[in-house]
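As given, the protein sequences belong to chains C and G, one line each in that order. Going by the numbering used here, the first sequence runs without a break in its numbering and finishes at 365. Going by the numbering used here, the second sequence runs without a break in its numbering and finishes at 1354.
Hints in this document: simulated from the structure, not taken from any laboratory. Any given hint could be a false lead.
Mimicking SDA-like on lysine to any residue, the simulated pairs with C-alpha atoms at most 20 Å apart in a straight line are [what the hints assert, rightly or not]:
{"#": "1", "chain 1": "C", "residue 1": "Lys186", "chain 2": "C", "residue 2": "Gly332"}
{"#": "2", "chain 1": "C", "residue 1": "Lys186", "chain 2": "G", "residue 2": "Lys1306"}
{"#": "3", "chain 1": "G", "residue 1": "Lys1306", "chain 2": "C", "residue 2": "Tyr303"}
{"#": "4", "chain 1": "G", "residue 1": "Lys1306", "chain 2": "C", "residue 2": "Arg234"}
{"#": "5", "chain 1": "C", "residue 1": "Lys186", "chain 2": "G", "residue 2": "Lys1036"}
{"#": "6", "chain 1": "C", "residue 1": "Lys186", "chain 2": "G", "residue 2": "Gly1029"}
{"#": "7", "chain 1": "G", "residue 1": "Lys1306", "chain 2": "C", "residue 2": "Met216"}
{"#": "8", "chain 1": "C", "residue 1": "Lys286", "chain 2": "C", "residue 2": "Asp267"}
{"#": "9", "chain 1": "G", "residue 1": "Lys1036", "chain 2": "C", "residue 2": "Met216"}
{"#": "10", "chain 1": "C", "residue 1": "Lys186", "chain 2": "C", "residue 2": "Ala149"}
{"#": "11", "chain 1": "G", "residue 1": "Lys1036", "chain 2": "C", "residue 2": "Pro4"}
{"#": "12", "chain 1": "G", "residue 1": "Lys1036", "chain 2": "G", "residue 2": "Thr1315"}
{"#": "13", "chain 1": "G", "residue 1": "Lys1036", "chain 2": "C", "residue 2": "Arg210"}
{"#": "14", "chain 1": "G", "residue 1": "Lys1036", "chain 2": "G", "residue 2": "Met1238"}
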Amino acid sequence: MTIPFFSSAATFEQLRPAILERLAGIIDRDHYVDGAEARGLERDIAEYTGARHAVACGSGTDALLLLLAAAGVGPGAEVIVPAFTFFASASAVSLLGARPAFADIEPVSYGLDPAAISTAITPSTMAVMPVHLFTQPADMDGVTEAAAAAGLDVLEDSAEGIGMRYGGVHTGLIGRGGVLSFFPSKTLGAVGDAGMVLTDDDQLAAGCRRLAAVGMGGRMDEIQAAVLRERMTRLDADIRRRCALAAELDERLAPLAPAISTPRLVDRRSPVQAVYYVYLIQTDDKSGLVRHLTERGIGTEEYYPRPLHLQPCFAGLGYQPGDFPVAERASGRTVGLPFYPDLNEDAVDRVVAALTGFVESRGVS
Amino acid sequence: MTDPQVPFSSRRRQRAREQLLDAVLNAAGNDRFIFKQSVAELESAVRGRTGADTVVACAAPAGGIVMAANALGVTRDDRVAVAACAGPEVVAALSMLGARPAPVDVSPGTGVPDLATLRSTGARVALVDHPLQVAAPGPLGGPDIAVVHDATGLADALFASWAPGLWDDAAVTGLGRDGPLLAAGDGALVVTHKAPGRTVRMLRNHGQDGVTRFLHHQIGRNSRMDELVASFAVTMLMHADAARERTAALAARYDDRLDDLRAAGVHPIDSVGLPRGTGYGVVADQRDCVLAALAKHGIEVGPLLKPPPWLDHETHPGAATVVTGGLLLPLHPDLIDHQLDLVVATVLGSRGDE
């Protein structure tokens, strides 16, 4: 029996009666897009995160487009983006006619390295976009200081950041604004695409709503909003389960170091609340490990096999291999393991056994 | 609020409660969220009905129009020919493209521009919508201008006439409340030829080729149709024949009253022998009177066209006529004959209310 990289079917089954009740309301209203459930989700998320404004839209990518466009990003502007992150962090900049200016990351948190910001600044730089990846926020003390010193906006790609806090503030609300993605595998996931902009900035929020009203950025489907509202009722429990699962994996995989490196949390100047969205390990023989796990029916995901500055679509920006060594090294070593609240103990045992077998079979330790 | 005497839309979707719940439960219960079996089935079903080389499911009509335009070579700052009365999807697509509109007038008898008018702009690509819910009388493009149609609401016409080239280089049809493609959320289908189709397929999922994840060949978008939306749409598509036949019979009943309607200053748009879309499109000389009379009798109409920023009433008299006089009368399979007769009688009687 396979262990998929992600599954939420068991959770959905538990929430099914409540979800069906919401679906009945949608059917009765015969209104399937951007309606009562989407408005309700905006209120729920605003309350959970402490945001003054939450603007629902079709996906995390759409949320980035709205956020950046409302902040004035457009032709002639540059936005500093980490070289190791999901594609949409940079493509949203390009799709608005602006230029992503890549910068290197920190090796442990995978977040934008504040020390790399200054070298990426040009007279066209308008904003810095830190990304809160996998487990913990980026170094927001460092990022905000570097941005402030240069008079730049901080626009957060907090797509993975639901539940993550930095200095007591929810990610997405530390800078001028941020986003959430509710892609199904996310910590708070829908059953299709959905996203949201978060901000305390009234002007930015108004801009996002204006742009959404004229069709930029897709709309949130009511069914997705309904599912998310029910999933929110167990969000904190899911986050606790994820933390417990991570702690168990940390302990059981520790003997496999240094062949397998497990995620580590970085101490910051401000207190940080981490959330394990993805359990990302590192290994020298990434492709060998993925093959080994696949043969044993264990799903994986490679986040991310090629850094953004080396993507074919960004070839015109003039970057070369070696420009961002930490990002390039991470791309060659990172593997996401199956990791979600529905993962049972038997599956965890199998994953640990498979990893142990991999390390032992190569005679490394 | 009481129900209207004659609603604009049918209750087909509400009656499909079990199919909708099945679509959601199957998707969520089996972890089938995006780009699984149902999207492929829907694309295949529409390919079969149109005879097109390529059908690409995506998140929404505006995004589909953008990707089709990109596939035909439109980039930021390009001039793109559009109707002076273009609707919201084309307006949104232009904004997303970062392109500049080259507005042209339309024929008030069809609601669309003609080829000569489009070519006069010098633009290489035109985005054409169909505000009065009928197909164009013929292909609008040529060797020097490619055309992307917003065919939202016109799926039946598209199925019947893609092959003869009436839809030029690409047609984007959105899922809706009526018609053969029912919506459980936002979604659209780009119907096109092989070469642009390959590009659209890549662009809809962040420029990936569908083989190697996280390798981005183009700066693509996130414009994906959810599995549950595709699942519901393909289920309902398989049972759309009776609805289409009933709607065609109702359209014919309106057509039988053509002379009376014209005499009353309400001019039906010629459907060129093809199925009409969502609503029976007319242009009324005294639309306000007609609207007031219809409202008084509890008869709903389709959303009125909002003029885009570039409409100039003097330069674009045809488009101005469509915007100020265009109207969609109820046309859906739940209508019973006497309701349609009431609509016609009310429209004819509105002349006396001047």
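Which hint numbers doesn't this structure obey? The structure breaks hints 1, 2, 3, 4, 8, 9, 10, 12, 13; every other hint is satisfied.
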